[in-house]
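With chain A held as given, fit chain B onto it using these hints.
Quick mapping for you: the protein sequence lines, in order, are chains A and B.
Numbered according to our numbering, the first sequence spans residues 18 to 665.
Numbered according to our numbering, the second sequence spans residues 27 to 142.
Simulated from the structure, these hints should not be mistaken for laboratory data.
If you're wondering where the values come from, they're calculated on a predicted model, not measured in any experiment.
Don't take each hint at face value.
Straight-line C-alpha distance at most 25 Å; calculated DMTMM-like pairs for lysine to aspartate or glutamate [stated by the list, open to error]:
#, chain 1, residue 1, chain 2, residue 2
1, B, K59, A, D603
2, B, K82, A, D603
3, A, K98, A, E125
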Amino acid sequence: MARKDRRRFLTGVLATGAATAVAPAVKAQEKETERAPTALPPTTQVAALETENPGEMAENRIKGTAGSDFMVDVIKTLNIKYCPANCASSYRGIHESLINYGGNKMPEFLTCMHEESAVAMGHGYFKVAGKPLMTLCHGTVGLQHATMGIYNAWCDRVPVIVIGGNDLDAAHRPPGVPTFHSAQDIGAMVRDYTKWDDTPISLQHFAQSMVRAYKIAMTPPYGPVLISLDAGLQQEVIKEHGSEKLYIPKYVPTSPPQGDSGAVKEAARMLAAADNPVIVADRAARTPNGIKLLVQLAELLQARVIDQGSRVNFPKTHYLSTGPAAVSGADVIIGLELSDFWNTVNNWTDNGENGVGENSSRIKPGTKLISISASELLTKSNFQDFQRFQAVDISMVGDAEATLPALIEAVRSAIPNSRKDAIAQRGQAARKAFADQEARAKQAATLGWDASPISTARLVMETYNAVKGLDWSIVSQSGNTSNWQNRLWPLTEHHHWIGRSGGFGVGYGAPASVGAALANKDAGRISVNIQADGDLMYAPGVLWTAAKHKIPQLAVMHNNRGYHQEVMHVQRMASFRNRKSNYGGDMGPVGTRIENPDIEYHKLAESMGWWAKGPIKDPAQLAPALREAVKVVQSGTPALLNVWTQPR
Amino acid sequence: METTLRYLLLLAAAVLISFTSRPAAAADAVKGKIAFEKNGCWQCHGYEGQGGAAGKTLAPKPMAYEAFNVFVRNSNTQMPPYPKQILSDADLADIHAYLSSIPAPKDYKTIPLLNQ
Chain A
18 MARKDRRRFL
28 TGVLATGAAT
38 AVAPAVKAQE
48 KETERAPTAL
58 PPTTQVAALE
68 TENPGEMAEN
78 RIKGTAGSDF
88 MVDVIKTLNI
98 KYCPANCASS
108 YRGIHESLIN
118 YGGNKMPEFL
128 TCMHEESAVA
138 MGHGYFKVAG
148 KPLMTLCHGT
158 VGLQHATMGI
168 YNAWCDRVPV
178 IVIGGNDLDA
188 AHRPPGVPTF
198 HSAQDIGAMV
208 RDYTKWDDTP
218 ISLQHFAQSM
228 VRAYKIAMTP
238 PYGPVLISLD
248 AGLQQEVIKE
258 HGSEKLYIPK
268 YVPTSPPQGD
278 SGAVKEAARM
288 LAAADNPVIV
298 ADRAARTPNG
308 IKLLVQLAEL
318 LQARVIDQGS
328 RVNFPKTHYL
338 STGPAAVSGA
348 DVIIGLELSD
358 FWNTVNNWTD
368 NGENGVGENS
378 SRIKPGTKLI
388 SISASELLTK
398 SNFQDFQRFQ
408 AVDISMVGDA
418 EATLPALIEA
428 VRSAIPNSRK
438 DAIAQRGQAA
448 RKAFADQEAR
458 AKQAATLGWD
468 ASPISTARLV
478 METYNAVKGL
488 DWSIVSQSGN
498 TSNWQNRLWP
508 LTEHHHWIGR
518 SGGFGVGYGA
528 PASVGAALAN
538 KDAGRISVNI
548 QADGDLMYAP
558 GVLWTAAKHK
568 IPQLAVMHNN
578 RGYHQEVMHV
588 QRMASFRNRK
598 SNYGGDMGPV
608 GTRIENPDIE
618 YHKLAESMGW
628 WAKGPIKDPA
638 QLAPALREAV
648 KVVQSGTPAL
658 LNVWTQPR
Chain B
27 METTLRYLLL
37 LAAAVLISFT
47 SRPAAAADAV
57 KGKIAFEKNG
67 CWQCHGYEGQ
77 GGAAGKTLAP
87 KPMAYEAFNV
97 FVRNSNTQMP
107 PYPKQILSDA
117 DLADIHAYLS
127 SIPAPKDYKT
137 IPLLNQ
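So that you can see chain A by itself, here it is in the shape it has in the complex:
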């Protein structure tokens, strides 16, 4: 494109209607407030090209502006801070635009060593920051690596924007490797566990699809989305669009769906009249405000709350906080964004009965059940994350957090004065039960306190002691430490605990911890990762990513030297079949142990730029090592302690 034409093009990129024009330097918020957008001034880079080196545009090899520059302009309006990604030729066009044209800011490219790590970093980041990240990958080989991370994000209702490079035009794509790396429809691979995907075939189509993808991902129930990005479209020069000017649609967040008002009133009446209402929450608190709302509802009813732990839903230190067994005494149970209502009120015993196990109820007959969940809006059913069917008495399709304000008001009006004393007494009983429950948990933590390998309770409490004076955040999912951190740490804030992986695909822990630690770094917090051994070995390269990009965290390994869940499963199978299990010289069934040789995780971490120590087997050595490690983390370097632990 001749310089003159280019100038005409630049002035021609206009915003129309609610759309905005191309201008990376302008923040999206500023743009959102613009009433009547006009053509915006060129960026510094564009201005430089136009003024300082008039010949360059005409001389550059592509003879114009690359389409991927416009893509970067679109992405910049969405305020995406980071792009963790493993580099790949099918997105080389946009890669170059991001780091050079876009100045490697908003988003900043983070070098990842596995696509699954990149997606899981976005997953962990969102759970702390509440904002999605984007990742780029090869649309075939890279996307296949990314799939497990995407599936976890899907099951955990977390938005991640995945962009897969793909060379659509078979007549023009490079032969050889790039053709192995192309597919007709890359979205087919992940369509069952993404909320939406699209294959833009023009730049304007890209602008619409990118904003739409962001909007869909960020509308509860949140979820991952995919854009298939044609390599040709990235590399082609921006063409004249005649009278149709390229524009960037404005992103306006969609308000979340709320439970029906009639159903809200009916639920409120039921809760207000209950003798022993119990609240169960799993992914109810999407934001810090969700916790406050749940506290209001619980206190209004003096109802005990079971936090199933996919997020911090309710402060662990609150006297109404209780364990899963509380459902047995309930007459009304309200489930908020439960991933498994059936298993909340029923029990399945893995006892080999008829070969498969036995079902039983955990609740009294006649207990009324209420559900509020946005997940019912997700009806893709190849993957069975919706769990067994549970019939309930009131079923609301809507986002729990968004419905809570209306429910709280309705409950307030539904409680008759005559019930207020009974409700207050319920609170007194709950205070006593809470104190007893705390004492029981602490006493249980003393069992094996001085054992070697180190007990999981000791591991978790030594770690707490080392960070308790700081603004901390637990960035690991590890429920494999018998949930001690959830039982004994004062989890009260949204960022105190990021929940689990969602799909229980092992390998999520390490990269999600790095993503969450990135968000915590920006917020000035210390990140604590109780890191499982098997999980780390899926893609340990993420340790390097953390060191490279100076993302500090304190990783304390729960190294039980096995895929311990499977150790127990295979042992159980052997017992059911009256067979002595073959341990092959290890401590558990063949194929389940990670020992002989033992992995030296401290050396692994050290080799990738971490400060590390281990193996620590004696509980007395843990406190001094933790003190040292915390200092290192505070100086900005990630630190890992390889601790040998009890199995659970």
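Showing chain B alone in chain A's frame:
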């Protein structure tokens, strides 16, 4: 319900006949620790029988040997049963002796880390 009933019946029947099994008195705690590890009890109950998310607390003070024997042999709960073919009475008695030898833990009030 059904599970518990079946278990209680088994327990009653087994207590009557279990006096034929090896008396716990002759058992050896050191050998018991090895058997506890070799037979995978540690996997769900922890090396010291402390229990956790995967299995109940077994020590200190395990249940009386007769009931212990009946439970381990016939469990129809999450605990997989260990019949005689895969775990001898002698080994089971040693395991019981090991669990019985584990001292009581401290009171949590005396452990500063549990009082922060």
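Each hint, compared with the structure:
For the hint linking K59 of chain B to D603 of chain A, the alpha-carbon distance of about 16 Å falls within 25 Å, and the restraint holds. Of the pairs offered as hints, the one joining K82 of chain B and D603 of chain A holds, with about 24 Å between alpha carbons and a cut-off of 25 Å not exceeded. Taken as a hint, the K98 of chain A and E125 of chain A pair is honoured in the structure, with Cα atoms around 6 Å apart against an allowance of 25 Å.
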